[in-house]
Structures are given as structure tokens and as C-alpha cells.
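Colleague: Chains as they are written, first to last, in my numbering: chain D, 573 to 900; chain Y, 9 to 284; chain A, 29 to 376.
Since the hints were derived computationally from the structure, they do not count as laboratory data. Using N, Cα and C, we set each Cβ at its ideal position, and we do this for glycine too. Any given hint might turn out to be false.
To be verified - Label-pair restraints from in silico Cβ distances:
no. : chain 1 : residue 1 : chain 2 : residue 2 : range
1   : Y       : D44       : D       : V734      : 25 to 31 Å
2   : A       : L175      : D       : P689      : 26 to 32 Å
3   : A       : E264      : Y       : Q251      : 48 to 54 Å
4   : A       : G193      : Y       : R253      : 41 to 47 Å
5   : D       : H722      : A       : P134      : 28 to 34 Å
To be verified - Straight-line distance between alpha carbons at most 30 Å, and here's what the computed DSSO-like set of lysine-lysine pairs gives:
no. : chain 1 : residue 1 : chain 2 : residue 2
6   : A       : K323      : A       : K228
7   : A       : K323      : A       : K143
8   : D       : K690      : Y       : K121
9   : A       : K143      : A       : K228
10  : D       : K690      : Y       : K166
11  : Y       : K121      : Y       : K166
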Amino acid sequence: MVSALADAPVAPSPERRDLHDTPTVGDRVFRTVVTGAAWSVLVVLGLIGTFLSLQAWPALHDAGRHFFTVFEWDPDGTGRFGIAAVLAGTVTIALLALVLALPVSLGTALFINEYAPKRLYGALTMLIDLLAAIPSLIFGMWGLTYLQPHLEGTSRWLSDHVGFVPIFSTNRPVFGSSMFVCGLVVALMIVPIITSVTREVLSQAPRATCEAALALGGSRWGMIRRVLLPYGRSGIVGASMLGLGRALGETIAIALILSFNYRITAHVLEPGGGSIAGLIANSFPEAGDAGRHALVAAGLALFVLTLAVNTVARIVVRRSAPSRQVVL
Amino acid sequence: MDLPVTLDHGDLVDPPDAAPVVPTLEARRVGAWFGDHQILEDIDLAMAPNTVTAIIGPSGCGKSTFLRVLNRMHELVPGASLAGEVLLDGTDVYGRGIRPSSTRLHIGMVFQKPNPFPTMSIRENVLSGLKLAGIRRPDHDGLVEQCLTRAGLWNEVKDRLGRPGGALSGGQQQRLCIARSLAVEPRVLLMDEPCSALDPSSTRRIEETIRELGTEVTIVIVTHNMHQAARISDVTAFFLGDQDRPGTIVECGPTTELFSTPNDPRTEDYIQGRFG
Amino acid sequence: MTTAAPVRRRPGGMTHEDVIAGVGAAGLAVVVTAVAFLLTPLAGSFGFVLTAYVLFLALLTIDSRRRLGGVIATDRVASVLVGTCGAVALAALGLILWYVIDRGVPGLHRGFFTKTLDSVGPLDPATDGGAGHAIVGTLEQVGLAALISTPLGILTAVYLSELRGRIAPIIRFFVDSMSGIPSIVAGLFIYTLWVVQLHKGFSGLAAAMALAVLMLPTVARAAEEMLALVPGGLRESALALGSPHWRSVTRIVLPTARSGLATAAILGVARVAGETAPLLMTAFGNDSLNADPTKGAQSSLSLFAYQRIRNALPSEIERGWAAALVLILVVLALFTLARLVAATRKAR
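Can you build the whole structure from these sequences, using the hints too?
Modeller: The following block contains the structure:
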């Protein structure tokens with residue numbers, strides 16, 4: 573049969589055709605408008621970078637590489653300013669917040685997914701969303717007037733008894749307005765996003781694999797530790813980085829709580845420290861012309877930092893949970 | 009109450025050598041529910057040591073649920089409840105103070121779809137039960153070899169024990185899951201249609217494995233395939249039930265008898281392929 | 029053999045011994061901690077709770093290791109820890125809400141919603157003056173922001189879910205990235221572009237634009253998810269009837285997802301209604317009424333609260349908390365509204 577086919581006169585098989593349509597005028601307008609709107613996202617992001625750079629340029633030009641090394645912030649007076657101290661403070665507070673928030677978020681995600689009765693599922697996720705909806709101003713006011721006095725005893729205890737660990741040591745017995753309080757408040761603010769992304773990732777673990785672990789005689793925790801957490805590891809890393817990105821950009825709560833100074837310090841229990849976003853919020857209203865350029869330069873640095881952290885985080889989360897993304 | 013006809017199976021289920029033996033696993037008057045929907049009613053079934061018991065019946069008759077009742081996987085579904093007792097060596101596994109995890113350690117399970125742990129290597133998969141149950145055992149290498157050999161997989165994977173378990177073919181993955189269950193030395197191995205996701209040649213390999221294991225472990229296998237039941241089991245139980253009626257045992261007996269001279273016309277209809 | 033059917037029961041759950049052990053461990057931990065706090069210089073409610081909790085965990089571990097073995101002991105302690113995490117998150121929420129209500133209620137009075145701070149001196153009591161100008165500012169700024177970003181966000185969602193253009197994955201990626209921009213950067217952006225470069229000065233409109241930047245990703249992604257819920261068959265049947273693409277989207281898809289899109293818009297509004305940082309450099313703040321959003325500094329509820337709370341005067345702080353209470357009620361109302369609108373869609 574094959575040979576018969578080969579011997580038959582060969583008619584050229586018809587060429588493959590593209591399936592294209594000619595859109596109507598209405599459709600063309602529709603596509604242009606919708607595509608234009610979608611591009612607006614890219615345009616806005618581009619404009620943010622452009623205009624921040626333009627306004628930051630005079631300050632960056634003046635400061636040069638000192639912008640990253642100087643520990644002062646006095647652009648309107650002496651003209652000496654740099655983000656070294658506030659950048660270090662930003663990172664310290666964000667890491668502190670992450671260290672405090674990660675276990676709580678992981679536990680909350682596991683609690684909602686694996687431990688709580690199924691009928692509470694909707695209510696619990698709603699309450700976590702509600703925590704995310706509380707404005708950061710409210711967190712800041714609460715942290716300043718409620719949490720801070722309540723933490724004084726704890727801070728003192730940590731300093732007295734665990735002071736041999738460098739970050740808990742203090743030079744003088746004054747507590748409050750510290751990076752520790754900021755870190756705790758910011759931790760509460762990033763718990764919801766870490767929780768919901770982790771929940772999303774873990775809920776995609778194949779149920780059959782989890783059941784197999786139980787069928788082998790594993791306890792619930794054994795199943796979680798040996799099967800669920802290894803499965804969701806990269807997703808949890810991504811979720812933490814998303815939380816870190818939020819923590820780096822947190823502004824108003826820190827501006828309210830922290831007493832600013834321009835030194836790099838590991839004594840997080842003491843008053844003092846810094847944060848880029850908090851610095852901008854605190855100094856902007858009174859800043860002069862040079863000061864505002866300098867603040868925009870600091871904002872540009874923050875923009876680049878958070879964009880980088882967020883982008884990497886999104887890539888990691890997307891790899892581990894391709895089907896859906898969580899936006900808060 | 010208008011119960012379907014059930015036989016008293018206690019006397020029928022004799023092991024092949026016909027000696028009076030205490031069953032390893034015995035279900036007594038088991039009923040099962042999801043919410044208010046009853047799935048099983050009044051199931052009596054005894055599984056003698058080192059025999060292969062096949063459970064056959066049309067889909068939706070509760071065979072898989074019965075299997076999950078035996079090793080307490082049933083209660084993982086929210087709203088699940090049950091009645092009756094499941095005796096393992098004479099002790100009710102649902103008795104007070106008995107932990108589900110220890111029951112499952114003694115009664116292993118192989119699922120319909122192969123499900124090796126994706127984040128673990130072949131070796132780690134075999135040893136995963138020990139890790140999960142917190143059992144310490146010397147000579148891990150020997151145990152891995154022994155379990156993989158019993159599952160008929162050793163020769164195929166002995167050079168790549170460090171590779172991920174998910175990289176194997178479907179049939180190999182299923183045999184890895186069998187090896188994984190054997191590593192904790194269960195008294196009973198439950199198999200829920202272990203070949204239904206596999207091709208014919210993999211199915212044949214698994215059936216060989218089951219026949220070999222059947223002499224050392226008590227096996228209960230749910231299967232859709234009557235020929236498979238006839239090939240590998242010593243005893244067969246025929247379940248019947250559907251959406252409206254909870255599943256019950258219609259007939260149960262030595263496999264050769266049940267397939268050659270069924271007592272109940274419904275059994276005959278089913279094995280002749282007239283329904284189901 | 030006609031004995032009664034065996035009793036139906038729910039397997040699993042805790043045994044009596046477990047319950048007794050748990051309650052016993054908790055009670056013992058509290059008592060021992062109380063004694064320790066009485067006899068030693070230890071003090072403080074936070075320290076008490078922490079000490080008692082750690083003691084409880086230790087007792088639970090010892091007891092379950094002895095009775096049930098290491099694996100199950102670990103499992104039980106892990107259950108307690110996981111439950112604690114959930115409780116901590118919920119307790120934080122509860123504490124914040126309770127505290128805001130507790131501090132905010134005394135400062136609320138009828139004039140709070142109508143008066144301004146125009147003729148209020150530093151020694152006047154909190155019952156003088158109000159946040160009327162700030163409420164006007166918030167309404168205008170958030171309203172304008174919604175007007176800008178709702179259509180833009182929904183059109184972006186239409187691009188992502190209906191047009192599925194070539195750059196859709198890229199757009200989706202950058203929408204996600206945009207949702208992580210710190211709000212103060214959005215404020216600085218509008219400041220550099222609008223206030224400085226275009227010489228427009230501080231205004232409510234500038235604030236609205238900054239808020240719109242923050243709203244856009246929330247609206248776009250939420251709307252995309254709502255559009256994804258529209259059954260594909262509806263689109264195809266519209267196209268099969270010979271309708272052009274744009275008509276099938278505007279007549280079939282968007283109306284079907286109507287309440288979902290409303291939910292997306294409300295979620296966006298809730299996200300920005302309490303924003304403060306970007307307003308510092310766009311609306312700037314103002315103690316008197318400026319109803320014109322296009323010109324001149326304006327206040328908002330969040331700015332009002334922020335600027336009051338930084339003050340040392342008790343009357344000012346009281347006003348600040350009252351504004352915070354109003355703000356949180358607005359956010360809660362929006363949040364509930366979004367859920368209700370989404371629920372009506374499901375009910376239909």
C-alpha cells in the first residue's frame with residue numbers, strides 16, 4: 573500500500589494557510605483602546621523611573637558616590653547627605669519584620685489550610701484579608717500609643733537577660749521609638765500577604781501525595797514537614813520576598829514610631845535608627861529645594877530596591893504556583 | 009427493614025489450607041457515611057493471614073470507601089462517620105486511645121494513581137515511612153534493596169537510587185509506592201485499583217509482585233477487573249450498591265468457587281459482564 | 029442474627045486523656061507562673077503570658093512524650109504552635125480594632141463631620157472644630173482616583189483576559205510588580221511630574237493621581253479574575269452569532285461580570301482610602317476647607333489624623349483618634365460592601 577501511494581502521480585499537497593481575519597472598524601478601535609490601556613501600566617512604570625531620575629539628578633550629581641556612603645542627612649544646611657544610614661535602617665527593620673512575620677504567617681497558612689475546620693475557611697481568610705485592609709496609618713498609631721508602652725518591659729527583659737546577643741544589647745536603659753517596635757508593627761502588616769501567598773502555594777500540593785504520607789503512618793505534622801513544606805519551599809521563599817518588598821517600602825508607621833538618627837546600629841531595642849521611606853515622609857514638609865531633590869533621590873533608590881525585590885519574588889512565586897497569583 | 013440478602017460469611021472465608029486461623033483483619037458490621045449519605049451498610053469480612061482478598065463490584069458500590077475504612081483514611085474526609093468495628097489481630101482499630109497513625113503504620117495502602125513523593129529521591133521515598141513514623145532502623149541500604157526487590161523494582165533502579173521518584177515510568181512509580189509501603193513492615197497491605205492507571209505490561213508486573221507478596225503479607229485489593237481478581241486472589245468479595253442504596257456484600261468466598269459456581273444470580277450477572 | 033445495627037460514630041478527635049492532659053498542663057503552667065511572678069521580681073502582663081505559654085508547651089511535650097512517644101508528641105506540640113500563630117494574627121486584628129474604637133469614640137461629636145480647624149486655637153477642647161474639610165478632601169481625592177483608575181484597570185483586565193495579546197504575560201507581570209511599589213514612591217512620582225515639572229502645585233487632583241497609580245494594579249488584577257469567571261461558552265456563542273469581538277465584550281462579557289467588576293473597583297478604593305504617605309507630597313494638608321480639588325493644598329482624613337497624632341496636645345491627639353476611627357469605619361464599610369456585591373453575584 574505504501575508503494576502504491578509512492579507510485580501514484582504526486583499532487584502537491586495544499587499549502588498551509590494562516591487563519592487571519594480582517595477586523596471590522598469597531599474591532600480595530602476596540603483593540604487599540606484596550607491595548608493602549610494595557611500599555612498604560614508600562615508607561616506609568618517608565619514615567620516613575622524617568623521623573624524620579626530627572627528630579628534626583630541634581631542631588632545625585634552633587635553627592636556623587638557619597639550618596640551611598642555618607643551617614644548624614646542635611647542637604648539644605650551643610651549640603652552633606654547620603655542614604656548609608658537610612659538604607660541600613662530600612663533593611664534592618666524589614667529583615668526584623670520578616671523574621672517575626674514568617675513563622676506567624678506560615679503557621680496561620682497551615683492553620684487555615686490543614687488544621688481549622690473547613691466551615692471556618694471562608695471566615696478565616698476574610699479576617700486575614702481584613703488585616704491587610706487596615707491602613708498603615710492605623711497600624712502606626714496603634715504601634716505608637718498601644719504597643720510601644722506594652723513592649724517596654726519585654727525590651728528591658730531582652731536587654732537584661734539576652735543582652736549578650738549583640739542585637740539585644742543596649743547602651744542605655746531607654747526603650748521605645750526603636751527599630752524593634754517598628755519591626756514588630758511592620759511584621760503585623762506583612763503577615764496577610766505572606767499568609768495568603770503561602771496558602772495559595774500550599775493548597776496546590778497534590779492531595780494524593782499528602783494522603784500517601786498519612787497512609788504510611790505519618791502524623792499530620794510529619795506529613796506537613798516531610799511532604800507539604802518541601803513541596804512549597806520555593807513558593808514560601810517567594811512569599812517571604814513579597815513580604816520583604818512591602819516591609820522595605822513601609823512609610824507612615826515607621827515615620828510615626830521611629831526616632832530618627834543617622835548612625836548604623838545593631839542595637840534595635842534602643843531609640844534611633846532610620847528608614848528611607850520614613851525619612852522622606854518626615855523631612856518632606858519642611859525640606860527646601862535642595863532637600864526635596866535629595867529626598868527624591870532617596871525615593872529613587874527605594875523604588876529600584878523594592879522593584880528588584882518584588883520582581884525576583886514574583887518570578888519565584890510564579891515558578892512554584894503557575895496557575896494563579898495573589899494580589900493584595 | 010428491607011435489607012438485601014446477605015450471607016453469613018464468617019464460615020465461608022477459610023484460608024486455602026482450610027485450617028481454622030484467626031483472621032489478621034476483620035470488618036464487623038461496618039457501615040460508613042459521608043454526612044448523611046450512607047455509603048456502606050453492615051459489611052462483615054474476614055481476611056486470613058497471608059491471603060489475597062479481592063473486592064469487586066460496579067463503580068459507586070463503596071469498595072474504595074471500605075478500603076479506606078480499614079486503615080482509618082476514611083476519617084480524613086470532613087463529615088465522615090462509621091459504625092461497627094475493624095479488628096486488627098483482634099483489636100478494634102477504632103477503639104479508644106488507638107491513634108490513626110499507628111493503625112496506618114500496620115495497615116499500608118497503595119493508591120489508584122502512583123504518588124511517589126515528588127521532592128524525594130527513590131531511596132528517600134522507600135525510607136519515607138520510617139522518617140514519617142519516627143522509626144529507627146539499622147542498615148538503611150539493606151532495607152532499601154530488600155523492599156525494592158520484593159516490589160520487583162530493584163534491578164531497574166539499583167544504579168539510580170538518588171534520582172527523583174517522579175522520573176520513573178507509571179508502572180515503576182507504582183512499584184516504588186509498593187516498596188515504600190513495605191519498608192514499614194505492615195501486617196496488611198491495601199491496594200485501591202493499583203493497576204487502573206497503568207498499561208497492560210506494567211499491570212502484569214504488578215500482578216506478579218502481588219502474587220509473590222501474597223505469601224508474606226495479607227493483601228486486600230480493590231479491582232475493577234474481574235480477570236485480575238481471578239488471577240491473583242484467594243478470596244473474592246462481591247459488593248453491590250449505588251447512589252440510592254448503600255453498598256453491601258452480595259457474596260463472598262474462595263475465588264475459584266465464586267467465579268465458577270456463584271450462589272447469587274446477581275454475582276453471576278456481574279461476572280458474566282451483564283452489568284457494572 | 030438480628031442484633032441491633034451498630035451505633036454510628038465519628039472516628040478521630042481527641043481522647044479524654046488528651047483533653048485532661050491539655051487542660052491540666054495549661055492550668056499548671058498558669059499557677060506555676062503566677063507563683064513565680066509573686067515570689068520573684070518578674071512582672072508585666074506580656075511576660076506573664078509568654079512564660080505561662082512556654083511552660084505549657086514544655087509540660088505538654090513531657091506528658092505526651094511519656095504517654096504517646098516522640099512522633100505524636102511532636103505532632104501535638106506542632107498543632108498547638110500552628111494554632112497559636114493563627115490566634116496571634118487574629119488577636120492583632122482584634123486588638124487594633126478594639127483600640128481604635130476605644131480611643132476614637134470620645135473625640136466624635138456632631139461638629140466633627142461639619143466643622144474645620146479654621147478658628148481652633150491650641151487651648152480649645154477637642155469638641156471644638158472638626159474634620160469636615162478632611163472628609164471633603166478624602167471624598168474628592170478617592171473619588172477622582174477611582175474615576176481615573178477604574179476604567180483603566182478594567183480595560184487592562186479586558187486586554188489580559190479577552191484580547192490576550194502577545195504582551196499579555198509581560199503586562200500581567202508588571203501589573204504585579206506595580207502592586208509592590210511603595211506608596212510614598214507613587215507620591216514622589218506625582219510630585220516630580222505634576223507639582224514640579226508641570227508647575228501645578230499641591231492639589232487634591234495631584235493626590236488623586238498618586239492614589240490612582242496605587243489603585244490601578246489592584247483593580248486590574250481583581251477585574252481580570254472576575255472576567256475569568258465568565259463562562260467561555262458565552263463568549264463563543266456571541267461570536268458564533270456573528271457579533272464582532274468588541275460587541276461580544278461590551279454586550280455580553282462585561283455585563284455578565286458587572287458586579288464582579290464593581291467588587292474590583294471597591295477593593296481598589298478600600299486599598300487607597302487610608303493611604304497617607306503619598307498625600308504628604310501631593311495634597312500636602314490644610315486646616316481649612318478647600319473644596320476645589322484642582323487648586324491648592326487639601327486635607328484628607330488620613331492626613332488629618334497623621335498631623336493631629338504627631339501633636340503633643342491631648343485635644344489634638346483626641347481629634348486624631350476620632351479621624352482614625354472614621355477612617356477605619358470607612359475602610360470596613362468598603363470591605364463589607366465589596367463582599368456583599370460579590371455575594372449577590374454568586375446568589376444569582
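Colleague: With reference to the structure, classify each hint as holding or not holding.
Modeller: Comparing the hints with the structure gives:
Roughly 56 Å separates the CB atoms of D44/Y and V734/D, a value that falls outside the hinted 25 to 31 Å. The hinted range of 26 to 32 Å is not satisfied by L175/A and P689/D, whose Cβ atoms lie roughly 43 Å apart. One distance hint, 48 to 54 Å for the beta-carbon pair E264/A and Q251/Y, is violated here, with the actual separation near 33 Å. Between G193/A and R253/Y the beta carbons are some 55 Å apart, a value that contradicts the proposed interval 41 to 47 Å.
Checked against the given bound of 28 to 34 Å, the beta carbons of H722/D and P134/A, roughly 21 Å apart, lie outside it. A threshold of 30 Å between alpha carbons decides the hint, and for K323/A with K228/A the separation of about 8 Å falls inside it, so the pair holds. Restraint check for K323/A and K143/A: the C-alpha separation of about 21 Å stays at or below 30 Å, so the hint holds. For a cut-off of 30 Å, the pair hint linking K690/D to K121/Y stands: about 26 Å separates their Cα positions.
Only pairs whose Cα atoms come within 30 Å are accepted, and K143/A paired with K228/A is accepted, the gap being roughly 28 Å. Note on K690/D and K166/Y: the hinted pairing is violated, with a Cα-Cα distance of about 43 Å set against a maximum of 30 Å. Straight-line distance between C-alpha atoms of K121/Y and K166/Y comes to about 23 Å, which keeps the hinted pair within the 30 Å bound.
When the structure is compared with the earlier hints, violations turn up for hints 1, 2, 3, 4, 5 and 10 and for no others.
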